[in-house]
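Colleague: Given the sequences, and given the hints that come with them, work out the whole structure.
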Amino acid sequence: MSEKREVTLTIDGREVTAVEGEMLHDAARKGDVEIPVFCYEPKLGAPVGACRMCLVEIEGIPKLQTSCSTPVRDGMVVHTRTDQVKKAQNAVVEFLLVNHPLDCPVCDKGGECPLQDITTGWGPGKSRVIDEKRHFEKPIELSPLVAIDRERCILCYRCVRFSQEVSEDAQLQLLERGDRTYVGTFDERPYVSPFHGNITDLCPVGALTNYTYRFRARPWDIEQAGSVCTLCPSQCNVSFTVRDEKVKRVIVRDNPGVDDGWICDRGRYGFEMFDAAERVTEPRLKGGSKTDYETAIARAAAGLGARDGKVAAIVGDASNEEGFLIQEIVRGALHSPHLDSRPAAGPRIDTILGLEQPEVQAKVTDIDEADVIFVLGTDPMQSSPILDLRIRKAIRRNGARLVVATERPTALDGGAEAIARYAPGQAAHFVGELTKAVGGTENVATPLAESLRDAGKIVVVWGERLGAAAAAKLLHFADALGTKSAGTDVDGPKTQDSLEISAHQHVGLLEVPDTANARGLREAGVLPDAGPGLAALAINGHGTEAIREALIDGSLDGLILVGVDPLRDFADTARWEEALNAASFVVAFSTFATATAGKADVLFPLETHAEKDGTVTHPDGRLQRVRPAAGRPGDIRPGWQTLANLSLALGHDTGVTSQPTAFKALTDAVPFYASITDAAIGGRGIRWQETESASSFPALAASAPSSAPDAGAASADTQRDSASGEAAPVAGALALGTYRDLWAGPITELNPPLKFLKPSQRLEVSPEDAARLDLDSGDTVRVTQGAKSLEATVAIRERVPAGVCFLAEGVAGANANGLLNGHQVSVQIEKLSEVPA
Amino acid sequence: MSEQTFYRQAGSYLDSVDVVEVQRGPEPGGVGGAYRAFGETLRGLKTTMSRLIEGPLTIEYPEEKTPVYPRFRGRHKLHRFEDTGLEKCVGCSLCAAACPADCIRVVAAENIPGERVSSGERYAAVYEINLSRCIFCGYCEIACPFDAITMGHDYEMADYDRTNLIFTKEMLLAEPIERTPLKSEDE
Ligand code: SF4
Ligand code: SF4
Ligand code: SF4
Ligand code: SF4
Ligand code: FES
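First to last, the sequence lines map onto chains F and A. Numbering-wise, this note's numbering puts 803 at position 803 of the first sequence, and it's gapless, one number per residue. Numbering-wise, this note's numbering puts 1129 at position 129 of the second sequence, and it's gapless, one number per residue.
It is worth saying that the hints were derived from the structure and are not from the lab. Only true hints are included.
Okay, the calculated beta carbon distance ranges per label pair:
id, chain 1, residue 1, chain 2, residue 2, range
1, F, Gly655, A, Asp1102, 39 to 47 angstroms
2, F, Pro124, A, Cys1137, 29 to 37 angstroms
3, A, Tyr1139, F, Gly125, 18 to 26 angstroms
4, A, Arg1071, F, Asp83, 39 to 47 angstroms
5, F, Gly125, A, Leu1057, 49 to 57 angstroms
6, F, Gly125, A, Arg1080, 27 to 35 angstroms
7, A, Cys1137, F, Asp32, 34 to 42 angstroms
8, F, Leu175, A, Glu1082, 38 to 46 angstroms
9, A, Phe1136, F, Gln173, 52 to 60 angstroms
10, F, Gln224, A, Thr1163, 29 to 37 angstroms
11, F, Glu834, A, Thr1084, 47 to 55 angstroms
12, F, Gln224, A, Val1126, 16 to 24 angstroms
13, F, Ala298, A, Asp1102, 41 to 49 angstroms
14, F, Gln224, A, Gly1114, 31 to 39 angstroms
If the Cβ cut is set under 10 angstroms, some of the chain A residues that face chain F in the computed set are:
id, residue
15, Glu1110
16, Gly1120
17, Ala1125
Below, simulated DSS-like cross-link-like pairs (lysine-lysine); rule was C-alpha separation at most 27 angstroms, straight line:
id, chain 1, residue 1, chain 2, residue 2
18, A, Lys1088, F, Lys248
19, F, Lys138, A, Lys1088
20, F, Lys126, A, Lys1088
21, F, Lys30, F, Lys86
22, F, Lys248, A, Lys1169
23, F, Lys133, A, Lys1088
24, F, Lys246, A, Lys1169
Even for Gly, the Cβ is constructed at its ideal location relative to N, Cα and C.
Modeller: Now the structure itself:
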């Protein structure tokens, strides 16, 4: 981008400097000249020139030109206020209003409507229309979440372009012609897409409105408060619309470095749960009896203090500061090394250090410039939806090539140049093979390696779900790839030297973790084998799974759970149940009254991302600030305060007395956060790799085990990857793969508007296996693994390989986590009932 | 200004003003005194007597009330359509936007077919005016696109409790409450 030439032009007598190729409208804005637009929205891609609102006069061109689609040229002289332009603007507004109902008082957009603003600013001020306007049935459901009023539509194409070119679901169309044109879907079916709420932000009139916000407030009734969505690792920047201390709406807060100006429907409509009846709004003691903070903290401190050295902590949904304070409590106050922030056994610290080296770290915007995007072991649509849009954009607009290697078919498969499916549990093996294939060995992964070799700039989007062993091999793979594309032939084990030669100019890694702030918690020191700043420890503690086992065998006694729900989200529900029962003292921090929270001896409430004040770290290293927007319901106190007080009650003074001191304690403890200040984070966040403290990131040891091909294959870490741990599968059994469904969990259970999306358990099988087992899509089956089983509905999917089946995790009543046991499992399928004909 | 000029100017001012002669009455005692004692009293009584036949002018508020001018801006009223009985207010909040005292609160909701409250898509689920803050400027009335709110003629809103001065939609839709019994015709 930087090599683009600068040009100078004159707009309304002002000299404006713009970048070559920029559209006139944007150049004018730089010169503080406002040109009205309806259809122009750079986020949607190339301008279409549909509305003609942006007409300007350019000297030397006889007719008026659309400034949204005319690129700047050196020496251009542009006028936006001549009589000719005014006449055109008046005419365009008058034409738009010919069929516009002008029912502003009942329209939800009133007060924040571009059509109102442009009509008063650039319109003729009066109408000559005396004829009947066009009529449509209104308002009707475009989807259960979005209402459409076709009379108000000005046919600007924005929503249609979003559906066609951004979310690529191709459902919205302009139907009919002339003044009968209207926006709709094929056969009036509901518009379903996990991103469709964005069209309500895009629509410049009140044609598309959210059912969740319809008539809730006017712009003068509300306040907008910027924060960060922490419902998934995308950490989209959002703005909460707050009225009477309550969130009424969530809209985008464009941050090109994070979300590209979009949010998913989870983030947009998942706010009514902040007020759900299930919300924990005050500290509680065992049995659910409510209490005050002082009593709860005293009880928790007494219980935990009595188990000094035998307490473990598992952290999920928490800010960096909260994570830091928890590790202070566990390590400092309770003298225990056992804490983790990962749902399953994660990679060891040397692997993490290797994968997080600033040189191999890709940032989100690198996807835009990549030549090849390699999606490995994750389905961004389910795990980090906004990345899915980003990858689609790179393919569509920038011609990037896509390579996918996953267990389960992904939403991105359609655009992929090469796809590989590995069996569940075989990720590490696959990455190993792929590394060899990139090195020149012929094997199953060769077709993929062909697409990746000499590809130029590659971004590897990899999922934490790959597992520890695969992650350990990933760096080696990236290394092989980087070196290969750099033109050096390398075989055999890598050394620190070769790692540097490749310098990863070409390969960047971007993780898709399982939890929203996984990276921040890691870096704040919530790991069994690393302290704040990923510093090595004298004694390493247990990871999540080892903590569970230690609780069962009694070597650990107390447990602190922060923002995690093991009984729902972790593999092997029965074993977790056993562990939670075995623990003699459990302190839980939870947003909602979950089954796990019910096991707590002391339960503290957690804030949501609309209430919390704290920082989180994006998977690409960007520190972002979650800011309080709405009031905290009930008696909820800030998380940092509760934790700091708990630590104090345990006799360990963290010195934290406010959010700024908590942040200071964090940046003091994490060397590569050291130069980051609240001001530097600002509204857009800052990547620590781009600050001067990045050089303090712990270097890789010269003989880093993680760069040797098979290092990660250590016992406990590879449970998930060793199929060998299990007896030979029974004939007819299918290997079970599980995935996290975007809509499973409290999001669809506690948000009334999203209830219709609540997933039921589906067993995804290949057509081959379905034929063999005599299954039809829609049949009810019992899926059995050992003594455990659940019921599911069959869904036959072409792209599922034979011999494998998939179930979703976290589905209420039929949670696939119940069937897992930490090893690769296979399941028996028994048909219960046929789909009614 | 120096002291001298001041006096000079003051002096010239005094010169030009007519000096009013004080009219002195007759010396006390004698005929003049008697006239003053009775005559003047009778003259005064004449005025009193002549007014006496006009009847009393005191308005016995609160039993009786002073009429107000037609454009008097008193307590607000919300209106219904006479034919359908639906509320005219659609909860658009324009009145709230116009209000300089920021004393109107509107929370709108969507009409459910079959249970229509207003004639538009939306209606005011909550409509409150805090009359202890209202300055009776009438801007809300001007802002309303549906003539749903007008300023009435009722000015009796005093109360012992400020919270009672927050008028709800039901109160604003209803006829003004009769705070004190009016004197009946035959009283
Ligand atoms: S519905 Fe809105 S966004 Fe879509 S074409 Fe009409 S005016 Fe444009
Ligand atoms: S993609 Fe993730 S972070 Fe973004 S809005 Fe959706 S849930 Fe929130
Ligand atoms: S009369 Fe004036 S101050 Fe009173 S409610 Fe109306 S706009 Fe507000
Ligand atoms: S009274 Fe009039 S201006 Fe106020 S909300 Fe109702 S319709 Fe709108
Ligand atoms: S904004 Fe240029 S034509 Fe619509």
